[in-house]
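Sequence lines, in order, name chains A and B.
Plus 8 on top of the position in the first sequence (first one is 1) and you've got the working numbering.
Plus 74 on top of the position in the second sequence (first one is 1) and you've got the working numbering.
Bear in mind the hints are in silico, worked out from the structure with no lab data behind them.
Don't take every hint at face value.
To be verified - Looking from chain B toward chain A, a few residues come up when the C-beta cut is under 8 Å (computed):
| id | residue |
| --- | --- |
| 1 | ASP434 |
| 2 | SER442 |
| 3 | ASN449 |
| 4 | TYR452 |
| 5 | GLU553 |
| 6 | THR554 |
All C-beta atoms in this analysis are idealised placements derived from N, C-alpha and C, irrespective of residue type, glycine included.
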Amino acid sequence: MPRTRIFFTTDVHGSERCFIKFLNAGQFYKADCIILGGDITFKAIVPLVRKGDGKVYARFLGENYVLSSENEVKLMEKRVRSIGFYPYQMSEEEYREYLSNKRMQDELFERLVVEMIKRWVSLAEEKLRDKNFKCFISPGNDDSRLVDEYLKSSKYIIYPEEQVVKVDSDHEMITLGVSNITPWHCIRDVEENVIEEKIEKLVSQVSDIKNCIFNIHVPPYGTPLDLAPKLDENLKPIALPTGGVEMVNVGSTSVRKAIEKYQPLLGLHGHIHESRGIFKIGRTLCVNPGSEYTEGILKGFLADITEKGIRDYLITTG
Amino acid sequence: MEKQELFVRKASGLVRNISAWDALIFNVIVMGPGAVYLYGMWASGLFPGVDLTLTAWVAAPVCMIIGLFYALFSVIMPRSGGDYVWATRILHPSIGFSMVFFIFIVLMAFVGMEIPWAVQWGLAPFLSYLGYESLAKLLNNNYVMMGLGLVYYAVCAVITVRGARAFVKAVWASFILIIIGIITYVIALLPMNPSTFASIFNSSTGMNYQDVISKAIANGHPTGFVFSATMLGIVYTILNFTGFNLSVYIAGEVKEVRKAQFIAIAGGILVFTLITWIIYVVTYKAMGAQFVGAISYLAVQGSPDYTLPFAPAFHLLAMAVLENKLLSAIIVLTWAIVPLACGLTYIFTAVRLIFAWSFDRVLPQVFSKVDERYNSPYVALIFITILSIVFEALWLFTPILSYVAYVVTGWSIEIAVVSIAGAILPYVKKDLFEASPSIVKRKVLGLPLITLLGMLSFFASVYIAYASLTPAIAGTLNETYIIFTFGIFVLGFIIYLISSVYHRMKGIPLELTFKEIPPE
C-alpha cells in the first residue's frame, strides 16, 4: 500500500537555523511533504549600534559584545538570527530615536518582517529547487499580514491558508492560522465564532473527511496540547506560593468541537510552545510538537500515512 | 558599557512551571538529607578510621565538578531531557537509552525500599523505644510492610497524577519537616559532650560507652583517623549525594533553565554538603568520634558485644539518650519522612521517564496517554505504581535488590560516558558548540571549558567507581553483583534494539527521534 511521509513543524518565530532545518527536513527524513504551521516571524530586534569609535555594540542573551570587524558583525548577525531574533545595524542616534518612539519601532518591525520573509522565500527557492517533495508554509496568529503575499509568490512554497489542498491522492488538508483571542491581542486573533465559521466553510469543500488533515495553528481546548500559564493584568504569570505558576487551558473550543464532530485523520497544531504532546480525540490523533526555536532546535512530527490511516509516527527533536 | 535594550513586539510567550529554587529543593530531597545518619554509620562500620566530617568536604568538590559539568551541558542543550538526550545525540541513541534505563532501575529499586526503610529505621525503633515492642514487631512484618506500601504508593500516585504543582507542594512540605527534624537533632545534641553522652548511654541502653570503644579496638578498629579509610569512605557520602543532578530530567518543566540548573545543581550540592557536615560535626562533638566509629564497627561486624535492639544510626542513638520524648519523636518521625519523600521524587521522575520513552516511541504509545482533567500520564503512573509494589515485594521477599549495592559503580560509569560525550562535543558537534553561549566556549588551559569539565568529570567518576569497588560496599567484591550491575545496562540496550528493529520494519527508524537536521 503506498504511503506518504509527512513532516510537520511550527512556531519557528524567526529562527533562521530552524527554518533552514525545516527546508532540509524533506530530504533528511525522506518526506513527501513538509508543513510549517504558522508563527514564522520574529518577536524581537537586537540593535547592533555603531558608535563613534567605529565599533559595533550589541547586547545579546544578557551579554555585552563589542564587535571590531565586519566579520565579527556578520557572525553576530548569524547568531542572532539562529535563535529567532532579528539583527539590525543602526547608528547611536537612530538607536536613541527608536528607543523613545514606539511608532518608529513598529514601522521598523514591519519593514524587517518583510525583509526577513523575502530572505526566507529566496532561501526556500534555493533549497527546494529540484526537490520532489511538497512544501506547505502558512502564517500563524503572531504573523503580520504582510507575509502572505510573499509566501504566495514563491514557485516552490505552497500557501495553503484557508484552503483545501491535496497532500497526496488520498489525503486533503485544511489550514487555518488564526487563533482565539490571546492576552496579547495578536494580529490574527479572532473570536471563536469566526474560527467555527472558517472551519465549517473549509470542511464543506473536503471530499473525504476521515482522511483529512486539520492543519490548524491553535490547538483544541481542554487537552494537554493547550496548557499555558495563567496571566495577570500585566501579562505576567500568576505565581503560586509553592513556587510554580498556575496553568490553564487556552486552546480553541471551536477547534475541539470541529474535531469531535468531523473526526479527521490528524490534527496538526502549535501555538503553545510548552505544551508539546499527543492527544487522541476519538479517532483523531492531535499533535502539538512544541517549539524550542530559541535553542535552534526544530521540534517536529513525522508520520507515515496511508489510505487506511496512520501507519507509524515519531515526535522529532531535529 | 550602557545596557542596550531589545525592541520587542507583542507576541505570545512561554513560561515553565518549576522554579530554580523548586529544582534545588528537588535535588536536595532526592539526595536524602537525614539518610546521612545511616550512611555515616555504614561508612564508619565498613571503613574503620574514616573521618566523616572530612568525607563531606572531599565528596563535595568531586560532586561539584560533575555537577558543574552537568549544569554547563544544560546550557548547551537546556530543554532536551538531560543526559539521555546528550548521550543520544553525541554518541548513539542505544547508549543514551541504556544509561538512563540503569538510572530508572536504580530509582525503582530505591522506591521498593522506602517503606521498609521508614519502618526499620524510623517507626519500629521509635515504637520499641516507647515500649510498644509488639507493635514494633507487627510493623516489621513483611506482609504488614507490603500493606503499608500499597497505601504509600497510592498516596504517591494521587500526588503525581495531580501534576507538577501538587508534587512541588509535597516536596516543599517534606523538605520543611525534614529540616525541622535535622535542626532538632542538632539543637538536642549540641549541649552534649562525650562524657555526658556516655553517662546517659550507660544508664539507658544496657551497654557501656568505654567497653564499646575497647572491644572495637580489640577487634581491630584503629585508635584514630586513617587517611586511606577516609578517602575510600567517601563512597558512602557520595552514595548519599547521588541524584544531585536529577533536575536535568525535569528540565522541560523548569523556568529559565540555563540559570536554574546552575542554581539547582551547585546550590543543591552546597546545601547538602552543609547538612551532611553539620550532622557529622554535631554527632562527633556529642558522642565522640572514636565511639561513633567503634559502635558502628561492632554493629556492622555483627559482634555479640553489640546488644542494642536497633542499629546505631545516629538519629536512633540520639533517641536512645534523649530524655525528652517529644524531641526524640520529632527527630525519628521526621527521619521516617526522608525515604517517603525520596520515594515520591523517584516515582515522579520514573513516571516522566516512562512517558518520555513512550513519547519517543521506544515504548508502546499507550504509556503516553494523558488524562484530560490533570493532564497527567496516567497509564505510565499506573505502570510505575504496579512496578513499585513489585519492587517492594522483591526487596522484602527476595535478596535480588541487594544486587543494586553497586549502584554507585553503575552511576559513575553512566557519568563517565556522559563526560566523554561532553568532552568531545566541541569537536564532533561544532555547529552546536559555536551557537552556544560564550561561557561554554570559554577556553581554560587551551581547552573549551566543556571539554575540560568533561575530562575532570570523567576522572572524578572513574575515581568514584574505583572507590566503590575497593574494598566494595558489600564487604567483599562480589562478581555476581558486578555482572548484575552491567546486566542492567545490557538489558536497556536490548530493549532499545528490539524497539528500533520493530520501528524500522514498520517504517520510521527510531534513530531519527533526536538526530539533528543539518542547519546549513
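Verification of the hints:
1. ASP434: 7 Å, holds
2. SER442: 6 Å, holds
3. ASN449: This interface hint holds because 4 Å falls under the 8 Å limit.
4. TYR452: 11 Å, violated
5. GLU553: 40 Å, violated
6. THR554: Violated. Min distance 39 Å.
Going down the numbered hints, you'll see the structure goes against 4, 5, 6, while the others check out.
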